[in-house]
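Engineer: Line by line, the protein sequences give chains X, V, A and D.
In terms of my numbering, the first sequence is residues 1 to 126.
In terms of my numbering, the second sequence is residues 1 to 126.
In terms of my numbering, the third sequence is residues 1 to 126.
In terms of my numbering, the fourth sequence is residues 1 to 126.
What the hints contain is simulated information worked out from the structure, not anything from laboratory work.
Honestly, I wouldn't trust all of these hints.
Repeated chains share a single entry, so a pair holds when one copy, or any two copies, can fit it.
DSS-like mimics (lysine-lysine), calculated; alpha carbons at most 27 Å apart, straight line [what the hints assert, rightly or not]: (1) Lys15 x Lys110; (2) Lys110 x Lys121; (3) Lys15 x Lys78; (4) Lys78 x Lys110; (5) Lys78 x Lys121.
Listed below are the residues making up each chain.
There are 4 protein chains.
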Amino acid sequence: MRFPLETRYPDYDTKGHVNNATFLTFFEMARGRAWVDVMGQPVDPDFILAEANVRYVSEAMIGEQLDIEITTTEVRTKAWVWSYAVRSVSDGRLVAEGRTVQVMFDYADKRPIPISEEVRKGLALV
Amino acid sequence: MRFPLETRYPDYDTKGHVNNATFLTFFEMARGRAWVDVMGQPVDPDFILAEANVRYVSEAMIGEQLDIEITTTEVRTKAWVWSYAVRSVSDGRLVAEGRTVQVMFDYADKRPIPISEEVRKGLALV
Amino acid sequence: MRFPLETRYPDYDTKGHVNNATFLTFFEMARGRAWVDVMGQPVDPDFILAEANVRYVSEAMIGEQLDIEITTTEVRTKAWVWSYAVRSVSDGRLVAEGRTVQVMFDYADKRPIPISEEVRKGLALV
Amino acid sequence: MRFPLETRYPDYDTKGHVNNATFLTFFEMARGRAWVDVMGQPVDPDFILAEANVRYVSEAMIGEQLDIEITTTEVRTKAWVWSYAVRSVSDGRLVAEGRTVQVMFDYADKRPIPISEEVRKGLALV
Chain X
1 MRFPLETRYP DYDTKGHVNN ATFLTFFEMA RGRAWVDVMG QPVDPDFILA EANVRYVSEA
61 MIGEQLDIEI TTTEVRTKAW VWSYAVRSVS DGRLVAEGRT VQVMFDYADK RPIPISEEVR
121 KGLALV
Chain V
1 MRFPLETRYP DYDTKGHVNN ATFLTFFEMA RGRAWVDVMG QPVDPDFILA EANVRYVSEA
61 MIGEQLDIEI TTTEVRTKAW VWSYAVRSVS DGRLVAEGRT VQVMFDYADK RPIPISEEVR
121 KGLALV
Chain A
1 MRFPLETRYP DYDTKGHVNN ATFLTFFEMA RGRAWVDVMG QPVDPDFILA EANVRYVSEA
61 MIGEQLDIEI TTTEVRTKAW VWSYAVRSVS DGRLVAEGRT VQVMFDYADK RPIPISEEVR
121 KGLALV
Chain D
1 MRFPLETRYP DYDTKGHVNN ATFLTFFEMA RGRAWVDVMG QPVDPDFILA EANVRYVSEA
61 MIGEQLDIEI TTTEVRTKAW VWSYAVRSVS DGRLVAEGRT VQVMFDYADK RPIPISEEVR
121 KGLALV
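If we strip away everything but chain X, and leave its shape as in the complex, we get:
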């Protein structure tokens, strides 16, 4: 799935670029869209992040419209991988790409748990 990113003025740094840490927030916004809108899951998610990677490819300057694509690229027993691509809308240029590893988590017991059938079906839609 792919959707437009609404950036905010504080996303930009002193050089007019999107700040490096903000891309993890962009990834998080994409996860929210996937999790809630596509998968119909509750807004405060019961998974944790095990890993996050970003590769910065080109500069995204203030005023440039961006979009993000999120794809489920691997599903294991308790964890899955989402991959991301942030692009400039005007020329389709890749700005950044990355991946995050999510683990289903029981917050009461503080331990990883298997992915439910329902979540597994949802992940296939993303």
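With chain X fixed as given, assemble chains V, A and D onto it according to the hints.
Structural biologist: Just chains V, A and D, lined up with the frame of chain X:
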């Protein structure tokens, strides 16, 4: 080098954990300390980030004092790698670790440039 | 003008509320929409903020859709006032309201300057 | 009480100034210091914000060391006022000032409650 992290209330998410994107900001704070305080370089740095990775190891809850260690782990012609470890001060537990790849950058010409001798010497101190 | 607010997970604090400082960012997003979309001005604005006030009226919880209304409520020679209302979309409940004072600013000369005719006409549309 | 502010790179906007919303975060940091360090209260506070005001006085540029002063300026039955001054350390110049109104809050009952004797004594120390 290792130094204490002053966290802020907005660093914590709805579950009382440090938000995943905030770790890239912690890494950035460590870079600032290394670049300005240790290496004596100007506050608005002339390098760009090519890559960032975070591995989330344990939960850091609100109220927990954290510190961060930054180490130069690789120096190439135009780029270098910094590695990070965020730990809980009370028990020394690893909270997160990661690495970033920096590239010296000529903002006027918009291209990577070789690391100067001065920066190279500074990197050896971190 | 009134438009939907896309919130982000880090906007929420440990209690699941929108963090108090985030409302100034919401106001800034509304200003961006007014300045760029309605008034057709450049994305990196040449005014400064002289004052900001927020009154927190009710709790906005995670998952609640919000919108924001921005209105020009006063125009002076070099400054103007924008007023804001953030509401819950589901029940129209007022969440927060506030105002900011903007001053046209010459960044080269570091001094306030009169509002141009073009900006003045634009302000009447907001 | 007065203490140094550790700024972060994302605090600065495209013009190299501290972003306007960040001052509410600076005020929040001062409240945290007052509440936890001076008053010995728990880290996740049981008061809510009713109002916040900021007056932007001079530009704080990247690299400039700032400090903040927080003072209890009014104590009512259920609410109190904290006032703030952010200054540049090098020349003592006032950068911004403001005030916030806090209300003691019972999160279970969702209603304001009177300030306890213990909190009242603590407020007198700030």
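Engineer: All the hints need checking, so say for each whether the structure fits it.
Structural biologist: Outcome of the hint check:
In this homomeric assembly, Lys15 and Lys110 come within 27 Å of each other (Cα to Cα) only across copies, at 12 Å, whereas the closest approach inside a single copy is 41 Å. Taking the shortest alpha-carbon separations for Lys110 and Lys121, only the intra-copy value of 24 Å comes in at or below 27 Å, while the best inter-copy value is 38 Å. Taking CA atoms no more than 27 Å apart as the test, Lys15 paired with Lys78 passes between copies only; the shortest distance there is 20 Å, against 41 Å inside one copy. In this assembly of identical chains, Lys78 and Lys110 lie within 27 Å of each other by CA distance solely inside one copy; the values are 14 Å within and 37 Å between copies.
For the homomeric pair Lys78 and Lys121, the shortest alpha-carbon distance inside one copy (14 Å) is at most 27 Å, but the shortest distance between copies (45 Å) is not.
Consistency with the previously given hints is maintained throughout, with no hint failing.
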